[in-house]
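Enquirer: So the sequence lines, in the order shown, correspond to chains Y and G. Going by full-length UniProt numbering, the letters in the first sequence line up with residues 1 to 276, in that order. Going by full-length UniProt numbering, the letters in the second sequence line up with residues 1 to 276, in that order.
I should point out that these hints are in silico values taken from the structure, not numbers from a laboratory. Please note that the accuracy of each hint is not assured.
Cβ pair distances, simulated, as ranges [to be verified]: (1) Y/63 - G/42: 21 to 29 angstroms; (2) Y/86 - G/226: 50 to 58 angstroms; (3) G/30 - Y/257: 48 to 56 angstroms; (4) G/245 - Y/86: 34 to 42 angstroms; (5) G/81 - Y/169: 33 to 41 angstroms; (6) G/66 - Y/93: 28 to 36 angstroms; (7) G/81 - Y/86: 38 to 46 angstroms; (8) G/191 - Y/257: 12 to 20 angstroms.
If we take Cβ atoms under 8 angstroms as the criterion, some of the chain Y residues that face chain G in the derived model are [said to hold, decoys possible]: (9) 72; (10) 142; (11) 156.
Note that CB positions come from ideal geometry on N, CA and C, so glycine has one too.
Number of protein chains: 2
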Amino acid sequence: MKVKRSERLIDMTRYLLEKPHKLVSLTYFAKRYDSAKSSISEDLSIVKKTFKERGTGTLETVPGAAGGVRYIPEIGKEEAREFVEDMCERLSEANRLLPGGYVYLSDLLGEPQILRQIGKIIASQYLHNSIDAVMTVATKGVPIAQAVSSYLNVPFVMVRRDSKITEGSTVSINYVSGSSERIEKMELSKRSLKRGSRVLIVDDFMKGGGTVNGMKSLIEEFEAQLVGVTVFAESTFNGDRMIEDYTSLLCVDEVDIRDKTIHVTPGNYFNKKEID
Amino acid sequence: MKVKRSERLIDMTRYLLEKPHKLVSLTYFAKRYDSAKSSISEDLSIVKKTFKERGTGTLETVPGAAGGVRYIPEIGKEEAREFVEDMCERLSEANRLLPGGYVYLSDLLGEPQILRQIGKIIASQYLHNSIDAVMTVATKGVPIAQAVSSYLNVPFVMVRRDSKITEGSTVSINYVSGSSERIEKMELSKRSLKRGSRVLIVDDFMKGGGTVNGMKSLIEEFEAQLVGVTVFAESTFNGDRMIEDYTSLLCVDEVDIRDKTIHVTPGNYFNKKEID
Numbered sequence: 001m002k003v004k005r006s007e008r009l010i011d012m013t014r015y016l017l018e019k020p021h022k023l024v025s026l027t028y029f030a031k032r033y034d035s036a037k038s039s040i041s042e043d044l045s046i047v048k049k050t051f052k053e054r055g056t057g058t059l060e061t062v063p064g065a066a067g068g069v070r071y072i073p074e075i076g077k078e079e080a081r082e083f084v085e086d087m088c089e090r091l092s093e094a095n096r097l098l099p100g101g102y103v104y105l106s107d108l109l110g111e112p113q114i115l116r117q118i119g120k121i122i123a124s125q126y127l128h129n130s131i132d133a134v135m136t137v138a139t140k141g142v143p144i145a146q147a148v149s150s151y152l153n154v155p156f157v158m159v160r161r162d163s164k165i166t167e168g169s170t171v172s173i174n175y176v177s178g179s180s181e182r183i184e185k186m187e188l189s190k191r192s193l194k195r196g197s198r199v200l201i202v203d204d205f206m207k208g209g210g211t212v213n214g215m216k217s218l219i220e221e222f223e224a225q226l227v228g229v230t231v232f233a234e235s236t237f238n239g240d241r242m243i244e245d246y247t248s249l250l251c252v253d254e255v256d257i258r259d260k261t262i263h264v265t266p267g268n269y270f271n272k273k274e275i276d
Numbered sequence: 001m002k003v004k005r006s007e008r009l010i011d012m013t014r015y016l017l018e019k020p021h022k023l024v025s026l027t028y029f030a031k032r033y034d035s036a037k038s039s040i041s042e043d044l045s046i047v048k049k050t051f052k053e054r055g056t057g058t059l060e061t062v063p064g065a066a067g068g069v070r071y072i073p074e075i076g077k078e079e080a081r082e083f084v085e086d087m088c089e090r091l092s093e094a095n096r097l098l099p100g101g102y103v104y105l106s107d108l109l110g111e112p113q114i115l116r117q118i119g120k121i122i123a124s125q126y127l128h129n130s131i132d133a134v135m136t137v138a139t140k141g142v143p144i145a146q147a148v149s150s151y152l153n154v155p156f157v158m159v160r161r162d163s164k165i166t167e168g169s170t171v172s173i174n175y176v177s178g179s180s181e182r183i184e185k186m187e188l189s190k191r192s193l194k195r196g197s198r199v200l201i202v203d204d205f206m207k208g209g210g211t212v213n214g215m216k217s218l219i220e221e222f223e224a225q226l227v228g229v230t231v232f233a234e235s236t237f238n239g240d241r242m243i244e245d246y247t248s249l250l251c252v253d254e255v256d257i258r259d260k261t262i263h264v265t266p267g268n269y270f271n272k273k274e275i276d
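Using the sequences and the hints, build the whole thing.
Expert: Below you can see the structure in the form of structure tokens.
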């Protein structure tokens, strides 16, 4: 039975939002709603316009017989900036200060609405890159990797510091922790990453960059390719940072343990050229 | 400027899908689209009908001045069953078999489309419960907790087996691992769970039930309340399982290490009364 335009628009929107970056043919929608391709095409141009106006993202049209549409989630620069500023405020709350100058983040990284925004912001940075997998290190990076992976619609892989029997054979590397200068070990299940994969590294927090550097070595070990590195927060680091090319959403500038103050500003995300 | 119905429907759908379980007032939509409440009300009844017909979930209407609408994600029984049967097949792949009779799951639990379905299925089970937080144990349970948390729109908390400086003060308990009968320790950041919270436990895999039992003790320690336990997969366990009241989506019945076969069937999810 032919489905009305209003119902098509609702279901189409839902369908596209749940399958970002996936090419959907007009024929698929025409069959799904028992409607003419010309009507579907009109529907899609309304969806496209609305998505654009409301900052939901881009609906790309791929012409030709093998063509269709593809929804690319993209956050507006204004919305991203508002979110990051809001996060600066929340991270600056004095009661987040932990012994050793660490900042408590776990509550924020367990909030679905916050994770959605982080995922969308990081995914927006890599819109035009082809990415096969998002990589992070357990445990705190996982929610961020999952959020980004959901918007890029590619799998994520978890590097671990401890070996688990449930991972099967693993490849392990040693790395130097940037802040403590200790030698540590990290490993990744052998079957979790194909040779030649294009990998995006994400993490919750970067100090010396040692952990990210370890993941870079792992990527080499797997003969895969690094696409980029984005962290939720970086802290100013007195010393040689092991990583130069990275993006941060937030920067913890100053932690004063005596006065119990934390000073947080937007990271270098907004300075990156691609985002303009 | 007044927004057309077609555009309203698209943006409304997106808005509601991104904020499950949240009450949105008609006034909010009326302002957002500069439209009369009566038009918004008509829009919402079209959305409601389409969501229902397409198995997207329920749009609940709350009458009165403080009322509005609330989107409750809910998977259709048929779709849930199809997904679970598909997972049974994938889990039965011989190359998933690991030494010790373990089953490799990490690839599946890193796939955004699979996690979305798992999240929706588990959230559907607890539609009518009031839940304040989803709890899991690091590392492999995290993606499941995050997926469920996103559909229930409540935070998730991660219990850890190792203490990390970035968690602040923690509450720790000892528990007996069900399968190995060793005494282990797990802990949770003190500030991550409020007293009296209603908690849903989820995990990727349950054998003897020791880990889940540990989380139950932690919930008591926090003077919180257990709402339910749902795991992605359980394995048949020769011994006294420490947990009786739980739900599983899948059941690994039989692992034959010599023949390299795994036999997986749907778990007890579909036997639960609430789901009919």
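Enquirer: All hints, please: hold or fail.
Expert: Against the structure, the hints come out as follows:
{"no.": "1", "hint": "Y/63 - G/42: 21 to 29 angstroms", "in the structure": "36 angstroms, violated"}
{"no.": "2", "hint": "Y/86 - G/226: 50 to 58 angstroms", "in the structure": "33 angstroms, violated"}
{"no.": "3", "hint": "G/30 - Y/257: 48 to 56 angstroms", "in the structure": "50 angstroms, holds"}
{"no.": "4", "hint": "G/245 - Y/86: 34 to 42 angstroms", "in the structure": "40 angstroms, holds"}
{"no.": "5", "hint": "G/81 - Y/169: 33 to 41 angstroms", "in the structure": "34 angstroms, holds"}
{"no.": "6", "hint": "G/66 - Y/93: 28 to 36 angstroms", "in the structure": "30 angstroms, holds"}
{"no.": "7", "hint": "G/81 - Y/86: 38 to 46 angstroms", "in the structure": "41 angstroms, holds"}
{"no.": "8", "hint": "G/191 - Y/257: 12 to 20 angstroms", "in the structure": "18 angstroms, holds"}
{"no.": "9", "hint": "72", "in the structure": "14 angstroms, violated"}
{"no.": "10", "hint": "142", "in the structure": "5 angstroms, holds"}
{"no.": "11", "hint": "156", "in the structure": "5 angstroms, holds"}
When the structure is compared with the earlier hints, violations turn up for hints 1, 2, 9 and for no others.
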